[in-house]
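**Q** Here this note's numbering is used: the first residue of the sequence shown is 1, the next is one more, and so on.
Don't read these hints as lab results, they were simulated from the structure.
Possibly wrong hints are sitting among the right ones.
Claimed, not checked - If you anchor each label on the Cβ, the simulated ranges turn out as follows:
{"#": "1", "residue 1": "Leu24", "residue 2": "Leu87", "range": "33 to 39 Å"}
{"#": "2", "residue 1": "Pro40", "residue 2": "Leu87", "range": "14 to 20 Å"}
{"#": "3", "residue 1": "Asp88", "residue 2": "Glu37", "range": "32 to 38 Å"}
{"#": "4", "residue 1": "Asp92", "residue 2": "Arg25", "range": "32 to 38 Å"}
{"#": "5", "residue 1": "Gly89", "residue 2": "Glu65", "range": "19 to 25 Å"}
Ideal Cβ placement from N, Cα and C applies to all residues, glycine included.
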Amino acid sequence: MGLELGAEDEPGLSIELDPHSPSLRTYEVVDGTLFSEERPDGPANAVAFLTVDDARFTATDGTIELTYVGPERVGATFSLQMEGDDLDGPSDDLSVQVTGALDAHSSP
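From just these sequences and the hints, can you work out the full model?
**A** See the structure below:
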């Protein structure tokens, strides 16, 4: 399941959850190469990406907790540590902490 936060076709926050059938649980950020790996003794996996005007970030640590799941809505809280790159050229290490809550309606 994916969550897209931002205007359509504009920069924003993208979150992917695995397994793709959402349920009330905590998802833990993992490296993208480990996204589809099952961890029977651990939380479900998540990856997240943030794009802003001139930088792109990837989550390196954090959690997403689904607080409710319905046929057309999902609620969640999240706290993500993200590392990034300046799209305009070389830069020092960029990092951001992204936290929030959402009440999302599904779209076709």
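**Q** Each hint should be assessed against the structure and marked as holding or not.
**A** Evaluation of the provided hints:
1. Leu24 to Leu87: 33 to 39 Å: holds, 36 Å
2. Pro40 to Leu87: 14 to 20 Å: violated, 38 Å
3. Asp88 to Glu37: 32 to 38 Å: At 34 Å between Cβs, range holds.
4. Asp92 to Arg25: 32 to 38 Å: Distance hint for Asp92, Arg25 holds at roughly 36 Å.
5. Gly89 to Glu65: 19 to 25 Å: violated, 37 Å
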